[in-house]
Amino acid sequence: MSTPETPDVLKDEYKYGFYTDIEADSAPKGLNEDIIRFISRKKGEPDWMLEWRLKAYRGWLKKKEPRWAYLDYPPIDYQDICYYSAPKTGPAGEVDEELRKTFERLGIPLDERKRLEGVAVDAVFDSVSVATTHKDILAEKGILFCPISEAIREHPDLVRKYLGSVVPPADNFFAALNSAVFTDGSFCYIPKGVRCPIELSTYFRINARNTGQFERTLIVADEGSYVSYLEGCTAPLRDENQLHAAVVELIALDDAQIKYATVQNWYAGDKEGRGGIYNFVTKRGHCRGQRSRISWTQVEVGSAITWKYPGCVLEGEHSVGEFYSVALTNHRMQADTGTKMIHIGSHTRSTIVSKGISAGESVNSYRGLVQVLPDAVGCRNHSQCDSMLIGDKCKANTFPVVEAENGSAVIEHEATTSRISEDQLFYLKSRGITEEDAVSLVVNGFCKEVFKQLPLEFAVEAIRLLELKLDKSIG
Amino acid sequence: MSECGADFEIKDLCASVEGKPILKGVNLRVNRGETHALMGPNGSGKSTLASVIMGHPGYEVTGGQICFKGRNILDLETEERARLGIFLAFQYPVAIPGVTVAKFLKTAADAMRPGGAKVSSAAFLKELREYMAFLEMDPAFINRFLNDGFSGGEKKRMEILQMLALKPAFAVMDETDSGLDIDALKIVSKGINRLVGPDFGLLLITHYERMLRYIKPDHLHILMDGRIVHSGGPELVKRLEEKGYDWVRQEFGKEVLAE
Numbered sequence: 502m503s504t505p506e507t508p509d510v511l512k513d514e515y516k517y518g519f520y521t522d523i524e525a526d527s528a529p530k531g532l533n534e535d536i537i538r539f540i541s542r543k544k545g546e547p548d549w550m551l552e553w554r555l556k557a558y559r560g561w562l563k564k565k566e567p568r569w570a571y572l573d574y575p576p577i578d579y580q581d582i583c584y585y586s587a588p589k590t591g592p593a594g595e596v597d598e599e600l601r602k603t604f605e606r607l608g609i610p611l612d613e614r615k616r617l618e619g620v621a622v623d624a625v626f627d628s629v630s631v632a633t634t635h636k637d638i639l640a641e642k643g644i645l646f647c648p649i650s651e652a653i654r655e656h657p658d659l660v661r662k663y664l665g666s667v668v669p670p671a672d673n674f675f676a677a678l679n680s681a682v683f684t685d686g687s688f689c690y691i692p693k694g695v696r697c698p699i700e701l702s703t704y705f706r707i708n709a710r711n712t713g714q715f716e717r718t719l720i721v722a723d724e725g726s727y728v729s730y731l732e733g734c735t736a737p738l739r740d741e742n743q744l745h746a747a748v749v750e751l752i753a754l755d756d757a758q759i760k761y762a763t764v765q766n767w768y769a770g771d772k773e774g775r776g777g778i779y780n781f782v783t784k785r786g787h788c789r790g791q792r793s794r795i796s797w798t799q800v801e802v803g804s805a806i807t808w809k810y811p812g813c814v815l816e817g818e819h820s821v822g823e824f825y826s827v828a829l830t831n832h833r834m835q836a837d838t839g840t841k842m843i844h845i846g847s848h849t850r851s852t853i854v855s856k857g858i859s860a861g862e863s864v865n866s867y868r869g870l871v872q873v874l875p876d877a878v879g880c881r882n883h884s885q886c887d888s889m890l891i892g893d894k895c896k897a898n899t900f901p902v903v904e905a906e907n908g909s910a911v912i913e914h915e916a917t918t919s920r921i922s923e924d925q926l927f928y929l930k931s932r933g934i935t936e937e938d939a940v941s942l943v944v945n946g947f948c949k950e951v952f953k954q955l956p957l958e959f960a961v962e963a964i965r966l967l968e969l970k971l972d973k974s975i976g
Numbered sequence: 023m024s025e026c027g028a029d030f031e032i033k034d035l036c037a038s039v040e041g042k043p044i045l046k047g048v049n050l051r052v053n054r055g056e057t058h059a060l061m062g063p064n065g066s067g068k069s070t071l072a073s074v075i076m077g078h079p080g081y082e083v084t085g086g087q088i089c090f091k092g093r094n095i096l097d098l099e100t101e102e103r104a105r106l107g108i109f110l111a112f113q114y115p116v117a118i119p120g121v122t123v124a125k126f127l128k129t130a131a132d133a134m135r136p137g138g139a140k141v142s143s144a145a146f147l148k149e150l151r152e153y154m155a156f157l158e159m160d161p162a163f164i165n166r167f168l169n170d171g172f173s174g175g176e177k178k179r180m181e182i183l184q185m186l187a188l189k190p191a192f193a194v195m196d197e198t199d200s201g202l203d204i205d206a207l208k209i210v211s212k213g214i215n216r217l218v219g220p221d222f223g224l225l226l227i228t229h230y231e232r233m234l235r236y237i238k239p240d241h242l243h244i245l246m247d248g249r250i251v252h253s254g255g256p257e258l259v260k261r262l263e264e265k266g267y268d269w270v271r272q273e274f275g276k277e278v279l280a281e
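Heads up: the sequence lines are chains A and B, in that order.
Numbering of the first sequence is given in my numbering, commencing with residue 502 and proceeding in unit increments.
Numbering of the second sequence is given in my numbering, commencing with residue 23 and proceeding in unit increments.
Source of the hints: derived by calculation from the structure; they are not laboratory data.
One or more hints might be untrue.
As the list claims (entries may be wrong) - Here are the simulated lysine to aspartate or glutamate pairs, DMTMM-like style, with alpha carbons at most 20 angstroms apart:
{"id": "1", "chain 1": "B", "residue 1": "K125", "chain 2": "A", "residue 2": "E958"}
{"id": "2", "chain 1": "B", "residue 1": "K125", "chain 2": "A", "residue 2": "E950"}
{"id": "3", "chain 1": "A", "residue 1": "K953", "chain 2": "A", "residue 2": "E862"}
{"id": "4", "chain 1": "B", "residue 1": "K177", "chain 2": "B", "residue 2": "D203"}
{"id": "5", "chain 1": "B", "residue 1": "K125", "chain 2": "A", "residue 2": "E937"}
{"id": "6", "chain 1": "B", "residue 1": "K208", "chain 2": "B", "residue 2": "E263"}
{"id": "7", "chain 1": "B", "residue 1": "K128", "chain 2": "A", "residue 2": "D938"}
{"id": "8", "chain 1": "A", "residue 1": "K894", "chain 2": "A", "residue 2": "E923"}
{"id": "9", "chain 1": "B", "residue 1": "K128", "chain 2": "A", "residue 2": "E915"}
{"id": "10", "chain 1": "A", "residue 1": "K894", "chain 2": "A", "residue 2": "E741"}
{"id": "11", "chain 1": "B", "residue 1": "K125", "chain 2": "A", "residue 2": "D637"}
{"id": "12", "chain 1": "B", "residue 1": "K148", "chain 2": "B", "residue 2": "D170"}
{"id": "13", "chain 1": "B", "residue 1": "K212", "chain 2": "B", "residue 2": "D170"}
{"id": "14", "chain 1": "B", "residue 1": "K265", "chain 2": "B", "residue 2": "D221"}
{"id": "15", "chain 1": "A", "residue 1": "K894", "chain 2": "A", "residue 2": "E862"}
{"id": "16", "chain 1": "B", "residue 1": "K128", "chain 2": "A", "residue 2": "E823"}
{"id": "17", "chain 1": "B", "residue 1": "K125", "chain 2": "A", "residue 2": "E962"}
{"id": "18", "chain 1": "B", "residue 1": "K128", "chain 2": "B", "residue 2": "D97"}
{"id": "19", "chain 1": "A", "residue 1": "K693", "chain 2": "A", "residue 2": "D637"}
{"id": "20", "chain 1": "B", "residue 1": "K208", "chain 2": "B", "residue 2": "E152"}
{"id": "21", "chain 1": "A", "residue 1": "K949", "chain 2": "B", "residue 2": "D170"}
{"id": "22", "chain 1": "B", "residue 1": "K177", "chain 2": "A", "residue 2": "E915"}
{"id": "23", "chain 1": "A", "residue 1": "K896", "chain 2": "A", "residue 2": "E915"}
{"id": "24", "chain 1": "B", "residue 1": "K125", "chain 2": "A", "residue 2": "D938"}
{"id": "25", "chain 1": "B", "residue 1": "K189", "chain 2": "B", "residue 2": "E158"}
{"id": "26", "chain 1": "A", "residue 1": "K953", "chain 2": "B", "residue 2": "E176"}
{"id": "27", "chain 1": "B", "residue 1": "K125", "chain 2": "A", "residue 2": "E936"}
{"id": "28", "chain 1": "B", "residue 1": "K128", "chain 2": "A", "residue 2": "E968"}
{"id": "29", "chain 1": "B", "residue 1": "K68", "chain 2": "A", "residue 2": "D924"}
{"id": "30", "chain 1": "A", "residue 1": "K564", "chain 2": "A", "residue 2": "E546"}
To be verified - Covered, in the sense of this in silico footprint (three residues per stretch, anywhere, with C-beta under 8 angstroms from a C-beta of chain B), are these stretches of chain A:
{"id": "31", "segment": "662-671"}
{"id": "32", "segment": "925-931"}
To be verified - A few chain A residues that don't get close to chain B, going by computed Cβ distances all over 10 angstroms:
{"id": "33", "residue": "E566"}
{"id": "34", "residue": "D637"}
{"id": "35", "residue": "C647"}
{"id": "36", "residue": "P657"}
{"id": "37", "residue": "I699"}
{"id": "38", "residue": "L870"}
{"id": "39", "residue": "V878"}
{"id": "40", "residue": "K894"}
On a predicted model such as this, the values are computed, not experimentally measured, just so you know.
Positions of the beta carbon are idealized from the N, C-alpha and C atoms, including for glycine.
Generate the whole structure from the sequences, applying the supplied hints.
Here you go:
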C-alpha cells in the first residue's frame, strides 16, 4: 500500500491521509436517472426503493443549494462527481486483504479474532459496507445491525416503515440528494426491552478520487430499548474537494434511549485551504415515544466545510433531547454547526452544550433553534454555547434562535466567548508544563462537559485528536 | 559577564514594559538555606521582578542576568526555569475552568521530570492529601476546577499546595499575604515554613510586615523605583513597621533621583 499522494509535510498532521490502491467498480461521473437506476441495480434493490430514489431526485432538481450558512465556498458541480465507487473484492463473504489492512491502519480491525472489545463495527469503504463484526453477540439479542443496503433486501418492512420518516427526502437540498443517491450506511434495530450489550459503530472511509460519499444511517430503538452508537470518519489527503452528504435518522419509541456519538475527522484541507471534505449532513432524531431520550454527541475536528445541525423532534411527552458538541476549526476550515430542538410534546426537555474552538484563520459558527409549539406545556431548555479563540485571525459566531409559543416554557441560554490568555499559559508554564501541553490542558478543560458524554476510549481518542489538530497553532 | 556563583543571583537586572523601564539595575543574592524579604511601596517594581524571574512574555529584559544553579536563566523558557527548580507563587492565580486540581498537579508533577518516570497516581494523591490536610483544605478541593470560583484565600492556599507538591529549590512569593485574614495567613505561613530549610532559598515579596512575623527573613531589601536602595537584617523589619517608607525615601531617595 503506497502513499504517493501524501505530501511529507502534512503526514504528521493528518495521519489518515493515505490512499488505498485498490481496483474499484465505479459509475461514470454525473447525476441523472440512469445513474440512480445503476446504483439501485448494483445494490439489488426492490422496485419501491428505486421509485423512492427517483422521486427524491426529481424533488432535488427543483431545489436550490442552501446558501444561508456562514460559509464561503465555490459552486459545487454536481455533474463532476462520481456517485458510486465500490472496491472490487474477493469471493463473497471475505474481506479483501487490502481493505483489511486499510482498516487495521485506521485502528479498526475487521478480523473477528482481533475485533475491538465491546464494539461492533460496520466498516464502510466508499459506497459499500465491507464488513460488520460481532454479529453473533447481536443475533443472540435479536438486534439487527447491518449495512442499510442489506436491510433494504432482508428487512424491507422495517426499512419502509422508518426510512425518511424523520428526514423526508424533500427536507432540504442535501437530504434530497442523499435520498436519491445514497449508497451505504448502517441500519440498526433494537427490539423491545433490549439493552444493546455492546457499542455499535460505523466507520466511514472515503478512498476513491472525485467520489462523493452519501451514506444513510437509520437507527430504530423499540419500546424500552437502549443503544449507544458511534460513528467515525476519515479520508485521504487530496487537493480537490470531495462532497460528503449523509443523512442519519434516529427513532426512539416509548421509554427507549439512543446515544449517538460522532468523531468526525474527514480531511480538512491543507493550511492554505486547498482540498478537504465538504461535509453537508442532515442528522435528526425523533423522540416518538413517551419518556424517550436521544442524545447527540459530536466531536468535529475535520472537513474543510461543515454544515450540520443534529436535532431532536421531541414529540413523545416527557421525552428528552440532548446535544453536546465540540467543533474545532484550524487553518482555513469553516464550520456552521449547531442543533435544533423542536418541543412538540408536553413536559419535554432539551439540553444544548456547544463548545466551539477556532484557531488559525478559521471561522466557527454555532447556529441553533429551540422551538416550543403552542400545545407543548411545561417544556424546558438549557443552552450553553461557548466559543474559544486561539490567535487573532480566527472568527467565532453564535446564531441562537428561540421560538417559544407556549408561555409555560422555561428556556435558558448562556453564551461566552473567551480567548486562551497569555496569563493562563504563563501560569501553567510556570509549573513546568510546555506551551503545547498547556494549550491542550486549557482546551480539554473547556470541552470537558462534552467529552464526559463519550465512552471512555473514544474520549481519549477525541482528546488526542484535538491535541494533534492544535499542534503548532499557537504563537 | 561575570560567572554565576551564588545559588540564586540577580545582577544589574533592567526590564521594561511596553518600552517603559521598570527595573533599573537590580542586584540580589539568595543562597540556599536563606530567606530574603523584598519590600517596597506600590509601583516600585516588586511584581515586575517576580514576573521577570519566571520569564513572563509581557516584560522585556533590557540588561543584566539572573543566575540559578550556576547558569544564566534569562535565555530559558518559563517551563525550563520551573524544571530547574524555580517556583513563583502568583499574586493573582489564574483560573483554568474544566481542569481539576488533581489533573493539573499530576500534569505539572510529570512535566517536572521530562523523560523521567511518571509519578504513580496513587502515591501522588496520597501525598497531596497529606499536604491538603496540613494546609487545612477540604479534601474535595482536589476535584474542583483550578482556581475557578475560588476565594482569594483559597487561591493562595492552592499556590502553597502546588509549591509543596512540586518541591522547588527556590521560590518567589509575590504578595502571597495580600487579601488574607489572620487565620489564613497563619496557615499559608505554616505551609511556606515547611519548605524552609538548608536546601531551600526563598524570596518573599510583600507589601506589609505582617507576614514577617510568621516567616522570619534572614535579610530584608527595600525596592524603590526599580532598584534595591537598602538592605539589612531582620532588625529592619521593626524599623519599617514603626516608620513606614518615608525615612527610606529621605535617606536613600537622593540616590534614586540622581540617576
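Status of the hints after comparison with the structure:
no.: 1; hint: B:K125 to A:E958; in the structure: holds (18 angstroms)
no.: 2; hint: B:K125 to A:E950; in the structure: holds (15 angstroms)
no.: 3; hint: A:K953 to A:E862; in the structure: violated (29 angstroms)
no.: 4; hint: B:K177 to B:D203; in the structure: holds (13 angstroms)
no.: 5; hint: B:K125 to A:E937; in the structure: holds (16 angstroms)
no.: 6; hint: B:K208 to B:E263; in the structure: holds (19 angstroms)
no.: 7; hint: B:K128 to A:D938; in the structure: holds (13 angstroms)
no.: 8; hint: A:K894 to A:E923; in the structure: holds (16 angstroms)
no.: 9; hint: B:K128 to A:E915; in the structure: violated (32 angstroms)
no.: 10; hint: A:K894 to A:E741; in the structure: violated (25 angstroms)
no.: 11; hint: B:K125 to A:D637; in the structure: violated (40 angstroms)
no.: 12; hint: B:K148 to B:D170; in the structure: violated (23 angstroms)
no.: 13; hint: B:K212 to B:D170; in the structure: violated (24 angstroms)
no.: 14; hint: B:K265 to B:D221; in the structure: violated (34 angstroms)
no.: 15; hint: A:K894 to A:E862; in the structure: holds (5 angstroms)
no.: 16; hint: B:K128 to A:E823; in the structure: violated (32 angstroms)
no.: 17; hint: B:K125 to A:E962; in the structure: holds (18 angstroms)
no.: 18; hint: B:K128 to B:D97; in the structure: violated (27 angstroms)
no.: 19; hint: A:K693 to A:D637; in the structure: holds (19 angstroms)
no.: 20; hint: B:K208 to B:E152; in the structure: holds (18 angstroms)
no.: 21; hint: A:K949 to B:D170; in the structure: holds (14 angstroms)
no.: 22; hint: B:K177 to A:E915; in the structure: violated (26 angstroms)
no.: 23; hint: A:K896 to A:E915; in the structure: holds (19 angstroms)
no.: 24; hint: B:K125 to A:D938; in the structure: holds (12 angstroms)
no.: 25; hint: B:K189 to B:E158; in the structure: holds (19 angstroms)
no.: 26; hint: A:K953 to B:E176; in the structure: violated (27 angstroms)
no.: 27; hint: B:K125 to A:E936; in the structure: holds (16 angstroms)
no.: 28; hint: B:K128 to A:E968; in the structure: holds (18 angstroms)
no.: 29; hint: B:K68 to A:D924; in the structure: holds (18 angstroms)
no.: 30; hint: A:K564 to A:E546; in the structure: violated (26 angstroms)
no.: 31; hint: 662-671; in the structure: violated (count 0)
no.: 32; hint: 925-931; in the structure: holds (count 6)
no.: 33; hint: E566; in the structure: holds (38 angstroms)
no.: 34; hint: D637; in the structure: holds (37 angstroms)
no.: 35; hint: C647; in the structure: holds (39 angstroms)
no.: 36; hint: P657; in the structure: holds (48 angstroms)
no.: 37; hint: I699; in the structure: holds (29 angstroms)
no.: 38; hint: L870; in the structure: holds (27 angstroms)
no.: 39; hint: V878; in the structure: holds (36 angstroms)
no.: 40; hint: K894; in the structure: holds (19 angstroms)
Hints 3, 9, 10, 11, 12, 13, 14, 16, 18, 22, 26, 30, 31 from the earlier list are contradicted by this structure; the remaining hints agree with it.
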